[in-house]
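Novice: Letter by letter, the chains look like this.
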Amino acid sequence: MIVQEVAKKYATALFASTRERGLVDEAYEQFSGLKLALDKDASLLKFLSLPKIEEEQKLELLRTVFGERMERLFVEFLAVLVRKRRAMYLVEVIDEFNRLVEFDKGINRVTVITAIALASEEEANLVSTLAAKTGRKIELEKKVDPGIIGGMIVVTADEIIDGSVRYGLGQIEERLQRIKVH
Amino acid sequence: MDFELQQILTHALGFLIFVWVLKRFAWGPLLGLLEERREKIAGEFDEIDKQKAEVAQVTAEYEARMKEIEGERRAKMVEAVKEGKQMAADIKNEAMNEIRAMHEKAKADLQRDVAKAKVQLRDEMISITMTAAEKVVAEKMDDAKHRDLIGRYIDELERA
Chain Z
14 MIVQEVAKKY
24 ATALFASTRE
34 RGLVDEAYEQ
44 FSGLKLALDK
54 DASLLKFLSL
64 PKIEEEQKLE
74 LLRTVFGERM
84 ERLFVEFLAV
94 LVRKRRAMYL
104 VEVIDEFNRL
114 VEFDKGINRV
124 TVITAIALAS
134 EEEANLVSTL
144 AAKTGRKIEL
154 EKKVDPGIIG
164 GMIVVTADEI
174 IDGSVRYGLG
184 QIEERLQRIK
194 VH
Chain C
-1 MDFELQQILT
9 HALGFLIFVW
19 VLKRFAWGPL
29 LGLLEERREK
39 IAGEFDEIDK
49 QKAEVAQVTA
59 EYEARMKEIE
69 GERRAKMVEA
79 VKEGKQMAAD
89 IKNEAMNEIR
99 AMHEKAKADL
109 QRDVAKAKVQ
119 LRDEMISITM
129 TAAEKVVAEK
139 MDDAKHRDLI
149 GRYIDELERA
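As you go down the protein sequences, you meet chains Z and C in turn.
Going by our numbering, the first sequence opens with residue 14, and the numbers climb by one from there.
Going by our numbering, the second sequence opens with residue -1, and the numbers climb by one from there.
Think of the hints as simulated: they come from the structure by calculation, not from any bench.
Here the structure is a predicted model, which means the values were calculated and not measured.
Heads up, some of the hints might be wrong.
As the list claims (entries may be wrong) - Here are the simulated EDC-like pairs of lysine to aspartate or glutamate, each with C-alpha atoms no more than 16 Å apart in a straight line:
hint	chain 1	residue 1	chain 2	residue 2
1	Z	K146	C	E154
2	Z	K193	C	D121
3	Z	K193	C	E122
4	Z	K156	Z	E136
5	Z	K146	C	E156
6	Z	K155	Z	E136
7	Z	K118	Z	D38
8	C	K80	C	E70
9	C	K143	Z	E135
10	C	K133	Z	E67
11	Z	K97	Z	E136
Model the full structure from these sequences, guided by the hints.
Specialist: Set out below in structure tokens:
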């Protein structure tokens, strides 16, 4: 499972609960600010992800640091991530959440992950294909991750299309693991 | 001779008086004493006979009780032996069941361990194979292959 898949689940839940309470804009603003801060300094994220540290201490820290600065619902969301041991994906969760908010506002941000940089022709092809499929203007975000070996992954607001070599190998591995040995 | 006769008569008279006095005052009590003594002796004999009879009765009762106790004891011992036999059988059964259970558990443990080892072996083989495959694939990936894969992905996206 790629990071975006996990992140999407939590982001979707956050989006649904903030929309229900009319807090989408606040969430977008506050979480984007948090993401910017975390991009600069990841030590807080590291602390929240350390398995050795007691959950209670992490929650205490969250409430002390963000209790006054963020909506209570958002602090509780961070607490859920800590309890589920998913704090290390916080940046990705915020990224997916932002994608959902932007989509809601008519901006279709699509992330494409490739092992090597996309050629401009490939990029143009991809954008036109996606625009045709969704009927929306595409804002393409490009990421290079050699870890996927080859192929590409497209992450849209509502789906992840994984066509990477790493995914293919993972499929083979899963099939091998289904072999009964007893 | 007169003198002698007189003397004799006097003696006789004296004797008669003695006898009379004796009979009048001493004979009765003397005979009574004798009779009393005789009765006492007879009574003692009776007592002895009675006691003997009692002893015999007690002895008989005692023996009867002894026999009874003996019987009871035997019955108790029979009971004890029976109980002992049952207990021994129970202990043996329990031990057998325990051994059987231990055996079953050991068998199950072994089967589980073997199954676990097989799964572990399979997973390790898969892991090694996949690591090798990944390395080979990554090494085989050149620009042409990258472009090919990306192009095919976009084509498939178009068709989907």
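Novice: Does E136(Z) lie within 16 Å of K155(Z) when you go C-alpha to C-alpha?
Specialist: With Cα atoms ~9 Å apart, K155(Z) and E136(Z) stay inside 16 Å; holds.
Novice: Given the proposed pairing of K133(C) with E67(Z), does the C-alpha separation stay at or below 16 Å?
Specialist: 39 Å, violated
Novice: Does K193(Z) pair with D121(C) here, judged by a C-alpha cut-off of 16 Å?
Specialist: 11 Å, holds
Novice: Next pair to validate is K193(Z) with E122(C); report whether the Cα-Cα distance is within 16 Å.
Specialist: 14 Å, holds
Novice: Is the hinted pair K146(Z) and E156(C) satisfied, with a Cα-Cα distance of at most 16 Å?
Specialist: 8 Å, holds
Novice: Between the alpha carbons of K146(Z) and E154(C), is the straight-line distance 16 Å or under?
Specialist: 12 Å, holds
Novice: Checking one constraint from the list: CA of K97(Z) to CA of E136(Z), max 16 Å. Satisfied?
Specialist: 37 Å, violated
Novice: Is the Cα-Cα distance between K156(Z) and E136(Z) 16 Å or less?
Specialist: 12 Å, holds
Novice: Checking one constraint from the list: CA of K143(C) to CA of E135(Z), max 16 Å. Satisfied?
Specialist: 14 Å, holds
Novice: If you draw a straight line from the CA of K118(Z) to the CA of D38(Z), is it 16 Å or shorter?
Specialist: 11 Å, holds
Novice: Need the status of pair K80(C), E70(C): alpha-carbon distance at most 16 Å?
Specialist: 15 Å, holds
Hint compliance for this structure: hints 10, 11 are not met, and every other hint is.
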